[in-house]
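These protein sequences, in sequence, are chains A and B.
Per this note's numbering, the first sequence starts with residue 1, numbered consecutively.
Per this note's numbering, the second sequence starts with residue 1, numbered consecutively.
Do not rely on the hints blindly, as some may be mistaken.
[Unchecked claim] For lysine-lysine, the following PhoX-like pairs were computed, each having C-alpha atoms within a straight-line distance of at most 20 Å:
1) A/Lys-109 <-> B/Lys-119
2) A/Lys-136 <-> A/Lys-151
3) A/Lys-105 <-> A/Lys-129
4) B/Lys-53 <-> A/Lys-109
5) B/Lys-53 <-> A/Lys-18
6) B/Lys-33 <-> A/Lys-48
7) B/Lys-122 <-> A/Lys-68
8) A/Lys-109 <-> B/Lys-122
9) B/Lys-53 <-> B/Lys-33
[To be verified] For the chain A half of the interface with chain B, some residues (derived, Cβ under 7 Å), not all of them:
10) Gly-10
11) Pro-19
12) Pro-36
13) His-49
14) His-83
15) Arg-95
16) Asp-107
17) Met-112
18) Gly-117
19) Lys-130
20) Phe-161
[As the list claims (entries may be wrong)] If you only want the chain B side, here are some residues facing chain A, beta carbon under 7 Å, derived:
21) Thr-22
22) Trp-25
23) Thr-28
24) Tyr-40
25) Asp-41
26) Pro-44
27) Asp-48
28) Gly-59
29) Trp-73
30) Leu-95
Keep in mind that the hints were calculated from the coordinates and are not lab data.
Small disclaimer: the values here were computed from a predicted structure and weren't measured.
Virtual Cβ for every residue (Gly too), placed ideally from N, Cα, C.
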Amino acid sequence: MEKRKETKYGTKIADEDKPVLRLSYDEINVGDEITPFTRYMTMDMAIKHGRIYGDFYSGHVDKESARKQFGVARTAIQGAFVHGGFTPFMVRWLRSEKPWICGGKADIKFIMAVNSGMTLRYCGKVIEKKEEDNKKYVICEVWAENERGEKVAVGTTTACFE
Amino acid sequence: MPEYQAKGVVWEDLEVGDEISTIHWFVTPDDIKMAAESFYDDNPLYFDKDFAKESEWGGIIAPFYFLDATFRWVVFLSRGGMRHQNHTINAQGILESFLPIRPGDRLVGKMFVDDKFVKREKNFLTWRMEVRNEDGEMVARKFWRSYWTDREIEFPKKETYE
């Protein structure tokens, strides 16, 4: 068993001399699967999200408006909110924000309404690695699917390594 | 473009290259925390000063999707004294992050009409939003494409006491 650092009372603690583990460009291979990330969608999320841009009337926050906007009396979660889920998905896989914040890209197409009550599963895999202008890029095919396995958003994400 | 406001902006009014409005934003820790909360992202890097100090960034940074919380196209429209007349449905979002955003940054965002086209008898429009810091460096960019329906939004009426 690996020897752990411990206090004088015998409590095992993290060894701060050890380097923090982060995925590097060289550790990532084409075909690697990205750890899935699950998120439950609720109407509260859409309402709270709507407050940041002053939405108190659209089909994202009001069922009657949803009927007129989308043709169904169920509030649809904002596309930007669905898009935003790709951030924790990528950051948790990379174990670092750096390749995501400094040169990262998310290109997502919305192909189906996401309603409150759905459970989204963000999935993806690495499809390409390339070097351009002294930077290294990892390109991933990504999608979010609902609890029935229907894809609701598809696209690519790019992580950038110095 | 004040003439848009009287009747609400419609797809036909907008021309590729139109500059819609500019938003100036002095970033505070609360703005970043609010963005993370509105996306239900519990990563403490976005709101916990002590955690962030120990991170590779040495302090709080904004999440990748910060632009989606603060520089949304409807906000650009309203800052320009406009609103859209018809319901829109999200089609695609491309978000790119180039540099970290930190509390104290003074950001300037501009929104342009990047593209518009008709596909399968549907009117599509792409906004381009560019956010730069006080040094003029681009920190984030977003392309947001929507399908503009012909169904008019019924904005809430102002209450009267007649």
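Hints and how they fare:
This hinted pair checks out: A/Lys-109 and B/Lys-119 have alpha carbons roughly 15 Å apart, not beyond 20 Å. In summary, the hint linking A/Lys-136 to A/Lys-151 is not supported, as the alpha carbons are separated by about 29 Å, beyond the 20 Å threshold. Restraint check: the Cα-Cα separation between A/Lys-105 and A/Lys-129 comes to about 14 Å, which is no more than 20 Å; the hinted pair holds. A distance of roughly 36 Å separates the Cα atoms of B/Lys-53 and A/Lys-109; the hinted pair therefore is violated under the 20 Å criterion.
Under the criterion of a C-alpha separation no larger than 20 Å, the hint pairing B/Lys-53 with A/Lys-18 is consistent with the structure, at around 18 Å. A distance of roughly 13 Å separates the Cα atoms of B/Lys-33 and A/Lys-48; the hinted pair therefore holds under the 20 Å criterion. A hinted pair counts as satisfied when its Cα atoms are at most 20 Å apart, and B/Lys-122 with A/Lys-68 qualifies at roughly 17 Å. Between the alpha carbons of A/Lys-109 and B/Lys-122 the distance comes to roughly 16 Å, so the proposed pair stays at or under 20 Å and holds.
Between B/Lys-53 and B/Lys-33 the alpha-carbon distance is near 15 Å, which keeps this suggested pair within the 20 Å criterion. For the restraint placing A/Gly-10 at the interface with chain B, the shortest Cβ-Cβ distance is roughly 25 Å, beyond the 7 Å limit, so the hint is violated. Taking 7 Å as the C-beta contact cut-off toward chain B, the hint placing A/Pro-19 at the interface is violated, the least distance being around 11 Å. Hint status for A/Pro-36: violated, given a least beta-carbon distance of 17 Å to chain B, over 7 Å.
Here the hint on A/His-49 is kept, as its CB sits about 5 Å from the closest CB of chain B, short of 7 Å. Because the closest C-beta pair between A/His-83 and chain B is about 5 Å apart, less than 7 Å, the hint holds. For A/Arg-95, the suggested interface contact is broken, since its CB lies about 10 Å from the closest CB of chain B, more than 7 Å. Interface restraint check: A/Asp-107 against chain B, minimum CB-CB distance 5 Å, threshold 7 Å, status holds.
A hinted interface residue such as A/Met-112 counts as satisfied when its beta carbon comes closer than 7 Å to some beta carbon of chain B; here the least separation is about 11 Å, so the hint is violated. Given hint, A/Gly-117 at the interface with chain B, is violated; its Cβ is 15 Å from that chain's nearest Cβ, farther than 7 Å. At its closest, the beta carbon of A/Lys-130 sits 16 Å from a beta carbon of chain B; the interface hint therefore is violated under the 7 Å criterion. Hint on A/Phe-161 is violated. Least Cβ distance to chain B is approximately 13 Å, over the 7 Å limit.
Residue-level restraint check for B/Thr-22 is violated (minimum Cβ-Cβ distance to chain A is 17 Å; threshold 7 Å). A cut of 7 Å between beta carbons decides the hint on B/Trp-25: the least distance to chain A is about 13 Å, and the hint is violated. Look at B/Thr-28: its Cβ only gets to about 14 Å from chain A, farther than 7 Å, so that hint breaks. Residue-level restraint check for B/Tyr-40 holds (minimum Cβ-Cβ distance to chain A is 6 Å; threshold 7 Å).
Interface hint at B/Asp-41: satisfied, since its Cβ lies 6 Å from the closest Cβ of chain A, which is below the 7 Å cut-off. Checking B/Pro-44 against chain A: minimum C-beta separation of about 12 Å lies over 7 Å; hint violated. Proximity of B/Asp-48 to chain A is violated relative to the hint, the smallest CB-CB distance being about 14 Å (cut-off 7 Å). Taking 7 Å as the C-beta cut-off, the interface hint given for B/Gly-59 is violated, the closest approach to chain A being about 13 Å.
For the restraint placing B/Trp-73 at the interface with chain A, the shortest Cβ-Cβ distance is roughly 9 Å, beyond the 7 Å limit, so the hint is violated. Checking B/Leu-95 against chain A: minimum C-beta separation of about 5 Å stays under 7 Å; hint holds.
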